[in-house]
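**Q** So you can see what is in the structure, the chains are spelled out below.
There are 2 protein chains.
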Amino acid sequence: MIIDKLIDAIKRTDNPSVVGLDTCLDYLPQDMLAKVKSLDDAAEQIFEFNKNIIDNIFDIVPAVKVQVAYYEMYGYQGMKAFKQTVDYAKSKGMIVIADVKRNDIGSTAGCYSKAYLSGVEVAGKKITAFDSDYITVNGYLGSDGILPFVKDCKENDKGLFILVKTSNPTSGELQDKKFENGNTLYEEMGDLVEKWGSELIGKYGYSSIGAVVGATHREQAEIIRKRNPHTFFLIPGYGAQGGKAEDLAVCFVNGIGGIVNSSRGILCAYKKDKYQGMDYAKAARQASIDMREDLNSAIKK
Amino acid sequence: MIIDKLIDAIKRTDNPSVVGLDTCLDYLPQDMLAKVKSLDDAAEQIFEFNKNIIDNIFDIVPAVKVQVAYYEMYGYQGMKAFKQTVDYAKSKGMIVIADVKRNDIGSTAGCYSKAYLSGVEVAGKKITAFDSDYITVNGYLGSDGILPFVKDCKENDKGLFILVKTSNPTSGELQDKKFENGNTLYEEMGDLVEKWGSELIGKYGYSSIGAVVGATHREQAEIIRKRNPHTFFLIPGYGAQGGKAEDLAVCFVNGIGGIVNSSRGILCAYKKDKYQGMDYAKAARQASIDMREDLNSAIKK
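Keeping their order, the protein sequence lines are chains A and V. According to my numbering, the first sequence is numbered sequentially starting from 103. According to my numbering, the second sequence is numbered sequentially starting from 103.
A hint or two may mislead.
[To be verified] Derived EDC-like pairs: lysine to aspartate or glutamate, alpha-carbon spacing no greater than 20 Å straight-line:
1) A:Lys227 with V:Glu223
2) V:Lys227 with A:Glu146
3) V:Lys227 with A:Asp143
None of these hints come from the bench; they were simulated from the model.
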């Protein structure tokens, strides 16, 4: 099962982190940026950048999270770079999380699922356009917005991370509001995630149907960890957004329980004094090592 | 303002409906389907199909809603067909709603917004890859997931439809739950929509920041209509999903207040006995006329 593969990869690399490839042109070094005159060029340079990052981290980082928004803004050309990035990371043995936050109902949710998880039939052949291991989804529409994805996860050994408690400052505006039954919206969403994932639990006791739980909201993360014993967390918000290792440690039980994302902190490490003199790929590797140490020191305490 | 342009177009065509271009291969007639051997072929035939539909409805229907999931599943090639469809519909004077249900936070929401509303800068030139008039978005992440879009709407004369009460059977699972303050989740979301849209109100009293309100839930639609006097509705769920003209009439005040979507009912009309002998494009035109009459008979009562 994909959740077992993910946890095995985390154990093998001793690294509960995922590098977010939220690559926009601003992150590229000047010499690469200078080559960009069109959307095609942008897509080409972005993939080139990602490829170099992947080449320098694949042996020490278990997974990449590719944020599709950064590719979509460069048009269908950007979507080609997205696909190339997903394919390349998989070819190097990394687990790929497509951070797409898709959501829709019934057959339309099924289309998104086909795009990333299960494939469309074209002239008798099945093609999965952006073939990923995991995608992120938004559950505001309820069960019939999620179950088409869950079905495809079962049949194709894929996984989901469903938004429960997001890392942004105003996530509480709706997510922290209490219902009449005493539960907050994020708790209700979390309970649904536990239910939706109940048939996909692997050997470590975690399900392939996971949750997005921000590193920036320690109190809520602790509550969700207790309510959701089988839910594995994708944890954004570390670093640039202010989430600290000691806060997100509450997401882990005996060293397992989640995977922590860093995007800009890794991709733009070469712009920091600390990594002066390194090119972007070497700096990304060193920043990944530093992140691993920071996380493990808090999680394994 | 885009909301005024939309309402003017509805008045000019006397037609409060939008045709949903949720075009998948199954909808294509046999002779077109036979040409599809690859994702490139699929994308080409889908655009060809859409183009013929648009040519046959643009003078009697004010808008199209292009559901991106149906294009994404055909890969970046499908996304090219999506772009061609958006561009072609605009070239024929139609208002284009990109049904993308995107959602993310801060700068990532900003990337989605650049993709559809405001554009990226490439070599000193601004390019909006999928340049639409409206997009649909999901507000589960709260204000900092929505305000980047609202800002771009202000600056580029664009609009949003934010998911409030969706048309699917289980939409009530979360959306209808009552908070301690007595409001349901969909009411709270609706209140935020009214607030987010307060600075973009046009000459008819409606805002460019609208809401998605399903035709299948009459009771909730009536409540939202009362709470949200400035919110224009995008109304899915008519026809195939079971929503009836007399039910969704509660969304309208003096004949204005929303735009009703039909996708399969129009695109696949040629497969129905009622339109026998017509090709798909002619059948789509006749089905659009029939839908207009059905809607107006209920809305103008």
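**Q** Each hint needs a verdict: does it hold in this structure or not?
**A** Now the hints, each set against the structure:
At most 20 Å may separate the alpha-carbon atoms for a hinted pair to count; Lys227 (chain A) and Glu223 (chain V) exceed this at roughly 38 Å. Taken as a hint, the Lys227 (chain V) and Glu146 (chain A) pair is honoured in the structure, with Cα atoms around 18 Å apart against an allowance of 20 Å. In summary, the hint linking Lys227 (chain V) to Asp143 (chain A) is supported, as the alpha carbons are separated by about 13 Å, within the 20 Å threshold.
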